[in-house]
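K.L.:
Construct the complete structure from the given sequences, taking the supplied hints into account.
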Amino acid sequence: MALKSPLTGLVVANVVTRNYAIGSIVDHGKKSKSSSRIKSSPGEVEEHRLQAQAKESFLKDLVKDKDETIRMLTAQLKEVTQQLQQRRCELEAIKCDLSGGMKARTQVAKGWKLEANSETAQCLARFGLV
Numbered sequence: 001m002a003l004k005s006p007l008t009g010l011v012v013a014n015v016v017t018r019n020y021a022i023g024s025i026v027d028h029g030k031k032s033k034s035s036s037r038i039k040s041s042p043g044e045v046e047e048h049r050l051q052a053q054a055k056e057s058f059l060k061d062l063v064k065d066k067d068e069t070i071r072m073l074t075a076q077l078k079e080v081t082q083q084l085q086q087r088r089c090e091l092e093a094i095k096c097d098l099s100g101g102m103k104a105r106t107q108v109a110k111g112w113k114l115e116a117n118s119e120t121a122q123c124l125a126r127f128g129l130v
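Under the UniProt record's numbering, the sequence shown has 64 at position 64, and the numbering climbs by one with no breaks.
Check each hint, because a few of them may be wrong.
[Said to hold, decoys possible] Here are the computed lysine-lysine pairs in the DSSO-like style, where the Cα-Cα straight-line distance is at most 30 Å: (1) K95 to K78; (2) K66 to K55; (3) K66 to K78; (4) K60 to K78.
[As the list claims (entries may be wrong)] Each pair of labels, with its calculated beta carbon distance range: (5) R71 to K103: 43 to 53 Å; (6) L50 to L84: 27 to 37 Å; (7) K60 to S99: 56 to 66 Å; (8) I94 to F58: 50 to 60 Å; (9) L62 to S41: 23 to 33 Å.
Everything labelled a hint here was simulated from the structure, so no lab data went into it.
Backbone N, C-alpha and C fix where the C-beta goes; we use that ideal spot for every residue, glycine too.
P.N.:
As structure tokens, this is what we get:
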């Protein structure tokens, strides 16, 4: 597993063998000439292995959380889009009602007689114009 040092910006690669931890510094993907063998106790080797497993587990959880967040936001976006489409339909219906009401008002102003059950009469009644 390769880790980038937050202080130096160098990538530090650790290879753990049976009794030795071989540490080497990799700078921008190029392995430096200075590699060192450090005698490690079995406890240190196990600790390094557990730390690597913990980091790997953390990264997997992070990716899983990211995927869940994307799914949740996508669902919310779909819901908001549906609400906007519904509002657009409602506004279009109001616009039609208003234009029908204005048409009916014009007809009444011109002296036309309206049937009680006609759509125009209903528009006038809805807007209190009769």
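K.L.:
For every hint, state whether the structure bears it out.
P.N.:
Going down the list of hints, with the structure as the test:
1. K95 to K78: 26 Å, holds
2. K66 to K55: OK: K66 and K55 at ~16 Å, within 30 Å.
3. K66 to K78: 18 Å, holds
4. K60 to K78: Distance of about 27 Å is within 30 Å: holds.
5. R71 to K103: 43 to 53 Å: 48 Å, holds
6. L50 to L84: 27 to 37 Å: Violated, at about 51 Å.
7. K60 to S99: 56 to 66 Å: 59 Å, holds
8. I94 to F58: 50 to 60 Å: About 53 Å separates the Cβ atoms of I94 and F58, which means 50 to 60 Å holds.
9. L62 to S41: 23 to 33 Å: 31 Å, holds
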